[in-house]
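Colleague: Each protein sequence line maps, in turn, to chains A, B and C.
Using the working numbering, the letters of the first sequence map in sequence onto residues 39 to 281.
Using the working numbering, the letters of the second sequence map in sequence onto residues 39 to 281.
Using the working numbering, the letters of the third sequence map in sequence onto residues 39 to 281.
Hints listed in this document are in silico derivations from the structure and should not be mistaken for laboratory results.
Treat each hint with caution, since some may be false.
[As the list claims (entries may be wrong)] Ranges of calculated distance between the beta carbons of each label pair, as one might list FRET restraints:
1) Thr265/A to Glu119/C: 23 to 33 Å
2) Cys227/A to Asp121/C: 28 to 38 Å
3) Thr265/A to Arg155/C: 45 to 55 Å
[Said to hold, decoys possible] If we take Cβ atoms under 10 Å as the criterion, some of the chain B residues that face chain A in the derived model are:
4) Ser179
5) Val186
6) Glu211
7) Lys245
8) Glu271
Backbone N, C-alpha and C define an ideal beta-carbon position, used for all residues, glycine too.
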Amino acid sequence: MLKAVIKEAKLKLVVEAVLSMVEEAKFTFSDKGLEIKSVDPANVAMVKVLADASAFEFFKSTNGAIGVDLKRLQEALSSAEKDEPVTLQMNEESQKLAVSMGRIQYELSLIDTSAIRAEPKIPELSLPIMVELSGVELKKSMKACSKVSDHVKIGMTNEIFVIAGKGDIDKVELKMLTTEMQAVRIGECSSLFSLDYMEDIAKVAGKMEKVRLEVGQDYPMRVQFMTEGILVEYLLAPRIEQD
Amino acid sequence: MLKAVIKEAKLKLVVEAVLSMVEEAKFTFSDKGLEIKSVDPANVAMVKVLADASAFEFFKSTNGAIGVDLKRLQEALSSAEKDEPVTLQMNEESQKLAVSMGRIQYELSLIDTSAIRAEPKIPELSLPIMVELSGVELKKSMKACSKVSDHVKIGMTNEIFVIAGKGDIDKVELKMLTTEMQAVRIGECSSLFSLDYMEDIAKVAGKMEKVRLEVGQDYPMRVQFMTEGILVEYLLAPRIEQD
Amino acid sequence: MLKAVIKEAKLKLVVEAVLSMVEEAKFTFSDKGLEIKSVDPANVAMVKVLADASAFEFFKSTNGAIGVDLKRLQEALSSAEKDEPVTLQMNEESQKLAVSMGRIQYELSLIDTSAIRAEPKIPELSLPIMVELSGVELKKSMKACSKVSDHVKIGMTNEIFVIAGKGDIDKVELKMLTTEMQAVRIGECSSLFSLDYMEDIAKVAGKMEKVRLEVGQDYPMRVQFMTEGILVEYLLAPRIEQD
Numbered sequence: 039m040l041k042a043v044i045k046e047a048k049l050k051l052v053v054e055a056v057l058s059m060v061e062e063a064k065f066t067f068s069d070k071g072l073e074i075k076s077v078d079p080a081n082v083a084m085v086k087v088l089a090d091a092s093a094f095e096f097f098k099s100t101n102g103a104i105g106v107d108l109k110r111l112q113e114a115l116s117s118a119e120k121d122e123p124v125t126l127q128m129n130e131e132s133q134k135l136a137v138s139m140g141r142i143q144y145e146l147s148l149i150d151t152s153a154i155r156a157e158p159k160i161p162e163l164s165l166p167i168m169v170e171l172s173g174v175e176l177k178k179s180m181k182a183c184s185k186v187s188d189h190v191k192i193g194m195t196n197e198i199f200v201i202a203g204k205g206d207i208d209k210v211e212l213k214m215l216t217t218e219m220q221a222v223r224i225g226e227c228s229s230l231f232s233l234d235y236m237e238d239i240a241k242v243a244g245k246m247e248k249v250r251l252e253v254g255q256d257y258p259m260r261v262q263f264m265t266e267g268i269l270v271e272y273l274l275a276p277r278i279e280q281d
Numbered sequence: 039m040l041k042a043v044i045k046e047a048k049l050k051l052v053v054e055a056v057l058s059m060v061e062e063a064k065f066t067f068s069d070k071g072l073e074i075k076s077v078d079p080a081n082v083a084m085v086k087v088l089a090d091a092s093a094f095e096f097f098k099s100t101n102g103a104i105g106v107d108l109k110r111l112q113e114a115l116s117s118a119e120k121d122e123p124v125t126l127q128m129n130e131e132s133q134k135l136a137v138s139m140g141r142i143q144y145e146l147s148l149i150d151t152s153a154i155r156a157e158p159k160i161p162e163l164s165l166p167i168m169v170e171l172s173g174v175e176l177k178k179s180m181k182a183c184s185k186v187s188d189h190v191k192i193g194m195t196n197e198i199f200v201i202a203g204k205g206d207i208d209k210v211e212l213k214m215l216t217t218e219m220q221a222v223r224i225g226e227c228s229s230l231f232s233l234d235y236m237e238d239i240a241k242v243a244g245k246m247e248k249v250r251l252e253v254g255q256d257y258p259m260r261v262q263f264m265t266e267g268i269l270v271e272y273l274l275a276p277r278i279e280q281d
Numbered sequence: 039m040l041k042a043v044i045k046e047a048k049l050k051l052v053v054e055a056v057l058s059m060v061e062e063a064k065f066t067f068s069d070k071g072l073e074i075k076s077v078d079p080a081n082v083a084m085v086k087v088l089a090d091a092s093a094f095e096f097f098k099s100t101n102g103a104i105g106v107d108l109k110r111l112q113e114a115l116s117s118a119e120k121d122e123p124v125t126l127q128m129n130e131e132s133q134k135l136a137v138s139m140g141r142i143q144y145e146l147s148l149i150d151t152s153a154i155r156a157e158p159k160i161p162e163l164s165l166p167i168m169v170e171l172s173g174v175e176l177k178k179s180m181k182a183c184s185k186v187s188d189h190v191k192i193g194m195t196n197e198i199f200v201i202a203g204k205g206d207i208d209k210v211e212l213k214m215l216t217t218e219m220q221a222v223r224i225g226e227c228s229s230l231f232s233l234d235y236m237e238d239i240a241k242v243a244g245k246m247e248k249v250r251l252e253v254g255q256d257y258p259m260r261v262q263f264m265t266e267g268i269l270v271e272y273l274l275a276p277r278i279e280q281d
């Protein structure tokens, strides 16, 4: 049994956060809320989204899981305005998900959860450095790096946080004094990441006031942000440095 | 003899209403105003546009008809602002249509009216149900249906007006209580229509405050709207239901 | 030695003015400012840009020249807001140009100036007619002409300034009484120009309040505008009239 009402902008965030990695996902519901965990087809990144029951205008669910085609859910959401409440309701008989906004109701067929790739076990990594910056800043720096390269180095040296893209011809660098940043765990390390993935993540994180990055030495990075009862977390594997 | 002045937005509506069905049309002028009647190349839809002399800032014409390439007239209009008066004037000598806005004047060659497909005789159908909804609502529901299907069922049952798209996988439905609607003729019937056509029509109708739909049982639908002296009417043939 | 600070919008104008003609250009610096002169690959148009030292927020330079890939500089500028100061600094050691805005710094590789096509000598033509119109008006009329033709006739007759496009089918004309214009040198002549070039020029000039056109009889046209210490000048060869 599931009946939940949530503002369009929030559900869209949930959908787009996962859609940046996979097209189909298992939505696991309990009385605590909604949980989604996915790993991208190339095994480079994992995403975890937790939408607490408090993130919903109304939330009532028993334990259960449904398989969702994220593109089709995203398309259905395009019929709603940003602040419009969207109702999700499982039709137990037809095994379809009703998605309604105003006078429009979609009835989406579900995917058998056994046909969806198993949820990853997301490791609890301990990462030496941590910074928080705005989503806008993250997005802007990824866009700048993508002008010159297809990978980006993220790390800290001499208490300066550095995002750097280095192409064959040009180079771009964003430096932030850790003393200017909101929350910081200082260290000396850096890792290289694929800009394809980082741009996808930054696109989702772009509207967040605060995005937390945790980085190690040639090690996966954790990207995390939270908004009104919704937690989004990415774990992104590093690229091997070749230069 | 023709000299007419009309605001860009109005002439654009006239042009786009017809352009949604055909690329070339016969514009028939009289002292009463402008009349255009066309049928689309697949014989699925007819459109009639009447622009009363009162829709114009200035209107003076003898009886006559000209053949217009609608795309080229639309392009000429793109030089004018929404509220800018556009002057249409026939040059009897050169048999060209001067279209002027501000300091810019286009001189458009006309098409021999005998080379344009004959105007359809639009039948006077008596249709059992009628509703009026806003253009925005019509456009939004056609867009939603197009996400799941390529045809849309429009009709009434138990005094509820229903627009429904049903694809192989998903379904979408918009329901409106007839008691909530502006003008209503109640009945029990529905017909299926091509979304290609309905989306084109909804695009033109999208800005109208009030659009009238008249529907029968597996029968053509009439879509009609009016604004400041301009009447637009579509007659759209049904599709044969296959499920 | 070069260190210069300039608002993004101004540097963007400089870059786009030249980029409308060539992709690589020689930037010549002196204590007076920046000078760029280029001729397009087809030898149809020349562009000269002078950015006076006063156009910069800060300007300090010795005599020297660098070869710039304009597309890459333009891309770097997209990281800055319109009013954001952008710093240009030559790194003498690495022979790279540092372009910084906020916390982001690009390091652009330069092109050997000997690999860039030699700067043209721009002739001092004496042109019989001159008018000044707004950039918006110029852009709008070029767009209108491009709907019907691929060339445009610009000139004056009976003290009326005329921009005219004449296609195989349609015609468009913009007429301005010279008595209504800001600055005027009256004459009787006209020349034909390629709309490809004129649209590129009009795009750059589109935001200017005042654009000066100087025209002769089947002779090159000079297009000139100035804004806050930046002078842009085009010299465009005429097309041979064929009708």
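Colleague: Hint by hint, say whether it matches the structure.
Modeller: Now for the hints, and whether the structure bears them out:
no.: 1; hint: Thr265/A to Glu119/C: 23 to 33 Å; verdict: 25 Å, holds
no.: 2; hint: Cys227/A to Asp121/C: 28 to 38 Å; verdict: 37 Å, holds
no.: 3; hint: Thr265/A to Arg155/C: 45 to 55 Å; verdict: 53 Å, holds
no.: 4; hint: Ser179; verdict: 6 Å, holds
no.: 5; hint: Val186; verdict: 7 Å, holds
no.: 6; hint: Glu211; verdict: 5 Å, holds
no.: 7; hint: Lys245; verdict: 18 Å, violated
no.: 8; hint: Glu271; verdict: 25 Å, violated
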